[in-house]
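**Q** Residue numbers (the working numbering), protein chains in the order written: chain L, 1 to 233; chain W, 1001 to 1740.
In short, the hints are calculated from the structure, not lab data. Be careful, since some hints might not be right.
Computed list of lysine-lysine pairs in BS3-like fashion (alpha-carbon distance at most 25 Å, straight line) [unchecked claim]:
#1 Lys1415(W) x Lys1172(W)
#2 Lys210(L) x Lys1172(W)
#3 Lys1559(W) x Lys210(L)
Treat the numbers as computed from the prediction; the structure is a model and nothing was measured.
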Amino acid sequence: MKFGIVVFPGTWSDRDTHHAVSGVLGQDAEYIWHGDEKLDQFDAIVLPGGFSYGDFLRCGAIARFSPVMEAVTAFAERGGPVIGICNGFQVLCESGLLPGVLMRNDHLEFRCIWTDLRVENSSTIFTSASIEGQTLHIPMSHGEGNYQADADTIKRLEDNGQVVFRYADTNGNVTPDINPNGSINNIAGIVNEHGNVLGMMPHPEKACEKLIGGDDGNVIFTSIIDNFVQAVV
Amino acid sequence: MTVSQETLDEIALSRAEYEAIVDRLGREPGPLELGLFGALWSEHCGYKHTKALLRTLPSSSERVLVAPGAENAGVIDLGDGLAIAMKVESHNHPSAVEPFEGAATGVGGIIRDIFAMGARPIALLNSLRFGQPSDARTRYLLNGVIGGISSYGNCIGIPDVGGEIFFSDTYKGNPLVNAMCVGLIENGKIASASAREPGDLLLLVGADTGRDGIHGASGLASRTFEEQTEMRSAVQVGNPFLEKVLIEACIEALDLPGVVGLQDCGAAGITSAAIEMAERSVMGLQLFVDRVPRREEGMTPYEVMLSESQERMLLAVTAGTESEVFDLFDKWDLDATVIGEFEAGEDVRIFDNGMMVSSTPIITLTDAPRYEFSTPKPDWLTTLQNAELTVVPMPDTTAAEMLLKMLSAPNIASKFPVYRQYDYHVQTNTVIEPGGDAAVLRLKGTKRGIALTTDCNGRICYLDPEVGTAIAVAEACRNLSVTGAEPVALTDGLNFGNPETPDVQFQLTEAIAGMTRAANAFGIPIVSGNASLYNETAGAAIFPTPIIGALGVLDDVEKHSTVGFKAENDVIVLLGSDSAWDTTDGLAGSEYLEFVHGRVEGQPALDLDLEVRVQTVCRDAVRAGLVASAHDLSDGGMATALAECAIIGNIGASVTESPDAGGRWDAAMFGEAQSRILLSVSPDNLDRIKALAHDHDVPLAVIGLVGGDALSFGDNCSVLLSDASDAWKNGFSRATSDRD
């Protein structure tokens, strides 16, 4: 299948994502410049991490107005899989493709650490290669990943199974102590109502090989690939 | 002489230097011209007190592709068609004045030096020195510097993989903020900062030019600190987003056939960058200052030429091909402007709106005066070296209590609270993360890896600058060797006091001699470097601090070693000594002596032959897969090294013999004798390790076993692993948290 990787000025996870999906998992992958408006040739879109447009004003606030985001929105509305990682998650929230906001980490520091993510819903196209309740060892790297939304939205997300990942300990226990940024309910990743748009703060593309500390991130890309192959068959 | 002392002070030139300028020109310099001289003859750009010394450093090996000083950074061949560009740069003075922007723009500056070589930056390291964290201003500086590095580095997508933070009173008024950057480049694609032929155009790309940073090089970097409090406007302000875009655009531009040269615009701005390019090209240059895009109105040619606005680069471009370059930079939303033209000749001619405002022979500007000196060893140093260490009072604590105290010392405790604020995973090459002896990165598409570290113990350099600098080299290489990497190149950041004083002249001369001796012992070159002088407050110089950055190569990156103990019943082996514990000699210059007793004294020692052999044995053992863990002994000696292996591996350890050095358990546990490496090995491999050591005539001691939930040393020291872990993991945060 063919992944499209969006490059805004200031994106830096584009090359890492390319390496993970193409170099490691053997899929086609191409970069999409932020001025491009055609995404027909792609089977999945990745909005990678970085500091799009310098994250001036607010993370993702400028990127949402770029031409490519109109195309991404249309792609998502057609049901195409879209995954926003870190800054990509912030852009998806700013664009309204996902609900809620990502605020500054509650301790006000940038945080680069390995996290353990408990899979809360393994029936999405992004998690079908995992087992519900298992933990994925994936690093995070952000200053603004404190997910918040109003109480009704959180209730809807929880009730619908749209909370896909939560920060947990290595045994899968979700506790306030393990929460690295103050996110409500330890939320690390959510999907939209239709289940085809995922936003997550940790970086699956940075956990793609054992040599660099682990390959649990491949579960997410492999899930997307498996679902695409099945859909085509 | 018409020039006033005030004018000379502003550009930090002496009256004698002014007279030398008049002599060379055969006339009085104009005001703009004098500014150019001030910048290029500053210590920062002109290396007046260090050039003669630096020339004596070893600079060649089979791997050197670009020699030191020839370009923006040195380049080392790795094999497989790949090469590494590396360099250290200081931003001490700006960081003392405005820590956040000072540290951030220090990172930005060294990154530009690296991608100016055509290399993609793949790693950053930071070597930091501060006063004691109990001081409120020190904590302000510390937090500002860490925040600046974090803010700039994280935004730009280059992993920050290592470095050091060291606290000592000597740095209280003048912190050291050195940054190292490493870039990867294909062998045939190394860029040069020069034009190819007369008629080539000079393009300025990136940020607009403002009034920030004027006199950064001649002012801040060439004066002592008490003169700087009012110089905040001489500190530049960084924009990492712009730099990230600039990196991508410049690397792409180098693929255009018309782009023949690329140069960083750093200290002393366009003045230094453009004139150095012309000198390197052996050409003259016309500069049109009115064409330089401005950030503010009414700037004079003087201000434009000396601005240190960040995120700017210069390109040399073949005339007629510039529209392609404009298109490329336009794609990245960056300005690119023709501001000059190379020409046959020897002068730099500066024009403002068609009027020539200055014309100067380039050689007179770039050939700064060189000061040489030969200064005897000061008496006070002999007194310090001869101090009798056996009379240091024994502490009134138990050995176990002292171990916990040492593990929580800010210089020894884990720096995780700092480096978790830096992105060290981006680019997905990080095999050994910060916190080990050296960082290890894999090189995609090959089996190879590189190891990187920085090192320097200023306290030891103070007690003996020659031996201390040799130890800095030895320890940096040891940090590489314990991962299994072979040291292949060094870069240095020389941080010293006022070079016009005899003590500092002695320290500089000795440090360069020690660096030379040690680099030659390892057979490796120093490929680049930086000098920051005038690091003083109230007439007191900092400890001489020649920071060493080191690059190592692993032919098979899978075969590397890490610090933490791995398995119960592994045997603990000490390489480099035939007994587990140190002697009282090891107290010289030790962390224990300063941290607990407030003393900086003794004669540090290093046996370089032994050092090289110990490292060879360690590397061979790691490569042969005989080693479960390997850790270098340094600050805090044997006891803290063992504790670190245990804490990181989350498994206890016991040493058979009780620590004792002629009645002193403290010297035994915390002495810092060099050339020692702690290994843990499976019992099955012990005989092979012994044979390897024997073959290289390296002493070895089998000192204990891995296992249990405590650290126990003979029968006079036992500490629960959980207590040791708490002290080591939380010591830094406790020491640096704000309190009343």
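**Q** Please go over all the hints and tell whether each is borne out by the structure.
**A** Quick rundown of the hints versus the structure:
| no. | hint | in the structure |
| --- | --- | --- |
| 1 | Lys1415(W) x Lys1172(W) | holds, 19 Å |
| 2 | Lys210(L) x Lys1172(W) | violated, 43 Å |
| 3 | Lys1559(W) x Lys210(L) | holds, 14 Å |
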